[in-house]
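Chain order of the listed sequences is P and E.
Position 200, counted from 1, in the first sequence is what our numbering calls 286; the numbers after and before it change by one each time, with no gaps.
Position 69, counted from 1, in the second sequence is what our numbering calls 100; the numbers after and before it change by one each time, with no gaps.
Check each hint, because a few of them may be wrong.
[What the hints assert, rightly or not] Distance condition first, Cα-Cα at most 27 angstroms in a straight line; then the derived DSS-like pairs of lysine-lysine:
no., chain 1, residue 1, chain 2, residue 2
1, E, Lys-80, P, Lys-302
2, P, Lys-273, E, Lys-128
3, P, Lys-104, E, Lys-80
4, P, Lys-273, P, Lys-345
Rather than coming from a laboratory, the hints here were simulated on the basis of the structure.
Please read these numbers as outputs of a predicted model, since none were measured by experiment.
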Amino acid sequence: MANIPQKVVHDYLRHDKKFPHVWCAGCSNGIVLGSIIRGVASLEIDRDDIVMVSGIGCSSRMPVYVDFNTLHTLHGRAIAFATGVKMFKPHLKVIVVTGDGDCTAIGGNHLIHAARRNLDLTVILINNNIYGMTGGQASPTTPHEAIATTAPYGNIEPDFDICKLAMGAGATHVARTTAFHTQEVQKMVVDALTHPGFSLIEVVSACPVIYGRLNKKGGPSQMMKEMRDNSIPLSAADKLPPEKVEGKIIRGTLIKEVKPEYSEMYADLLKRVSAMGDEE
Amino acid sequence: MPSKVQKGKSGMIIREEDIPEKMEVEITEVKDPGDLSSPVWIYYNWCKKCGICVAFCPTGCLGRRADGSPYVANPEKCIHCETCDRLCPDFAITGAKDR
Numbered sequence: 087m088a089n090i091p092q093k094v095v096h097d098y099l100r101h102d103k104k105f106p107h108v109w110c111a112g113c114s115n116g117i118v119l120g121s122i123i124r125g126v127a128s129l130e131i132d133r134d135d136i137v138m139v140s141g142i143g144c145s146s147r148m149p150v151y152v153d154f155n156t157l158h159t160l161h162g163r164a165i166a167f168a169t170g171v172k173m174f175k176p177h178l179k180v181i182v183v184t185g186d187g188d189c190t191a192i193g194g195n196h197l198i199h200a201a202r203r204n205l206d207l208t209v210i211l212i213n214n215n216i217y218g219m220t221g222g223q224a225s226p227t228t229p230h231e232a233i234a235t236t237a238p239y240g241n242i243e244p245d246f247d248i249c250k251l252a253m254g255a256g257a258t259h260v261a262r263t264t265a266f267h268t269q270e271v272q273k274m275v276v277d278a279l280t281h282p283g284f285s286l287i288e289v290v291s292a293c294p295v296i297y298g299r300l301n302k303k304g305g306p307s308q309m310m311k312e313m314r315d316n317s318i319p320l321s322a323a324d325k326l327p328p329e330k331v332e333g334k335i336i337r338g339t340l341i342k343e344v345k346p347e348y349s350e351m352y353a354d355l356l357k358r359v360s361a362m363g364d365e366e
Numbered sequence: 032m033p034s035k036v037q038k039g040k041s042g043m044i045i046r047e048e049d050i051p052e053k054m055e056v057e058i059t060e061v062k063d064p065g066d067l068s069s070p071v072w073i074y075y076n077w078c079k080k081c082g083i084c085v086a087f088c089p090t091g092c093l094g095r096r097a098d099g100s101p102y103v104a105n106p107e108k109c110i111h112c113e114t115c116d117r118l119c120p121d122f123a124i125t126g127a128k129d130r
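Please take these sequences and the hints and turn them into a complete structure.
If you want it as structure tokens, here you go:
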């Protein structure tokens, strides 16, 4: 085990894994992982009661490094596996860590149906605007006119608003923030873990090596500064005229409401049906 | 000169420089272990020299060497705000007071 005195985070890492981790220099995934760990640690949940599920992608390497129950599954199917875990063991806190391509392109169906059912999952969607691991292909969240290796003359597709998609599908807790705002990520993780129902946190993040180089965004610190300067809190955005808000990242909890939760309804159904069987 | 090539278990070709044990040795040999008595503790084995901690240090406590790695330039300026802790993607730095 590496002898490092950084508090909280190092306690939750698997030190038998190969460090330094796999992510490129300046990648936001590490920052988000640190914030998630701090959020979980502040809740003081037993780490054996947490399941972290991921698919394939840069961000989906996260469960490899943390000391929870972890599942590293098929591309796009993280939410499907997480549904299985939650249905079988409803007392566990299930965190799904996924990327923008993983969750909205390949696993788009799983996302909308998990949101529709209101199953108690915490989906942390790290949106770096590109498929980083496979070499920079355009993802559904690549902005219009941005460069990707499959869109060398600029992306002609309009991009997804993931939060609106989740809200439209019926998610009961949707929040958006950026990787720069680490305290906000931590607070939202705490909110999402304590929320009874489906919660989605979109964390806008920086990919300085693939997306940053293709689009000439500068180094990691320039991309972090851009996230800081180009985002506004929801409360401030409400007061501004719409032309000033356009093109900015709006941070904050967009929706939070309590609706019947799927695994609880399923347990009720089982009880009701087995009672019917006893009467006969 | 071409590097030494061998066949792995799955038939995949492995070059000598890709073998992980060798990489680990290289990393620990090059970097120094860091100074525990300074207000900001940097773990150079895990640092990837991205420069985020130096760019966002609010007081200018940290400086950047020619190779891009951070160092404690002005130890007296540290206010233990833990900004570097939170923004380090590699968990390789801490400015916490009670660590």
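The hints, checked one at a time:
As the CA atoms of Lys-80 of chain E and Lys-302 of chain P are separated by approximately 19 angstroms, the hinted pair is consistent with the 27 angstroms bound. Of the supplied pair hints, the one linking Lys-273 of chain P and Lys-128 of chain E holds, its CA atoms being roughly 22 angstroms apart against a limit of 27 angstroms. Restraint check: the Cα-Cα separation between Lys-104 of chain P and Lys-80 of chain E comes to about 18 angstroms, which is no more than 27 angstroms; the hinted pair holds. Taking the CA atoms of Lys-273 of chain P and Lys-345 of chain P, the gap is about 22 angstroms. The hint holds against a cut of 27 angstroms.
Going down the numbered hints, you'll see the structure goes against none, and every one checks out.
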